[in-house]
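Novice: Sequence:
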Amino acid sequence: QVQLVESGGGLVQVGGSLRLSCASSRNIFSIRTMGWYRQAPGEQRESVAVLTNTGITTYADSVKGRFTISRELAKNTIYLQMTSLKPEDTAVYYCKAVTYDGDNHWGQGTQVTVSS
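Take the sequence shown: its position 7, counting from 1, is numbered 1148 in this note's numbering, and each next residue is one higher.
These aren't lab readings, by the way, just hints derived from the structure by calculation. One thing to keep in mind: the hints can contain errors.
What the hints assert, rightly or not - EDC-like cross-link-like pairs, simulated, lysine to aspartate or glutamate; straight-line CA separation at most 16 Å:
#, residue 1, residue 2
1, LYS1227, ASP1202
2, LYS1205, GLU1229
3, LYS1237, GLU1187
4, LYS1205, GLU1187
Generate coordinates for the entire structure from the input sequences, incorporating the hints supplied.
Specialist: See below:
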């Protein structure tokens, strides 16, 4: 079992920045992929940014150039640096870990609200 705890969400104005953190109970180097997903009211959950064990990153087109996913192995933590935030970035952001045995683990989510 992997426990994931997100933090860093909040209310920010258009054009502002936030950094989300996701702390894992397991050594993240032993996890196949970790990523950030988001779900806006009435919408399906969507992938925002994913980081593989080997360091490969992928981003949703809507956040490319504005968001950066990174990791800190010593703290078993991944981050999502979000800049130039837009109202459409408003959502609950979830951290997800996919283990090598194919199990998905989710955090509880953190709310990000971008106000205009």
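Novice: Each hint needs a verdict: does it hold in this structure or not?
Specialist: Each hint, compared with the structure:
no.	hint	in the structure
1	LYS1227 to ASP1202	14 Å, holds
2	LYS1205 to GLU1229	14 Å, holds
3	LYS1237 to GLU1187	12 Å, holds
4	LYS1205 to GLU1187	14 Å, holds
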